[in-house]
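Participant: Sequence:
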Amino acid sequence: MLRLTALAATAGIAFTALVAASPAEAAFHLIRWEGTGVCQVWDQSIPTKPIPSNYKTVSKPVPTFVAALAVKDGMLKKGTCKL
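Under mature numbering (1 follows the signal peptide of the UniProt record, and there is no 0), the letters of the sequence shown match residues -26 to -1, 1 to 57, in that order.
Hints are computed from structural coordinates only; laboratory data are not their basis.
There may be inaccurate statements among the hints.
Dumping the calculated DSS-like pairs for lysine-lysine here, alpha-carbon to alpha-carbon at most 25 Å [as the list claims (entries may be wrong)]:
(1) 34 x 23
(2) 52 x 30
(3) 34 x 52
(4) 51 x 30
(5) 51 x 34
(6) 34 x 56
Remember, it's a predicted structure, so these values are computed and weren't measured experimentally.
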């Protein structure tokens, strides 16, 4: 289970880096993975949903990736999100 969590975290970081390098044309929001409490920025322009489907949307859409990171920072400080 620890390896799966580490793999998910690594994939999330890699995806976040990829999104940061792409132009911010679409809206972004935060998803929170159930069980771990880890929050991830999700780009709504991606035509698929996150896999596995044990997540919950925890923020309203924001126009830029930087704005989504600011929302995530606030949720980290409140304790709503981990990592």
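Participant: Give a verdict on every hint.
Facilitator: Verification of the hints:
1. 34 x 23: 16 Å, holds
2. 52 x 30: Distance of about 17 Å is within 25 Å: holds.
3. 34 x 52: With a Cα-Cα distance of about 17 Å, the restraint between residue 34 and residue 52 holds, given a limit of 25 Å.
4. 51 x 30: Given that 25 Å is the threshold and the Cα spacing comes to 19 Å, the pair holds.
5. 51 x 34: Holds, at roughly 18 Å.
6. 34 x 56: Holds, at about 18 Å.
Violated hints are absent here; each numbered hint is respected by the structure.
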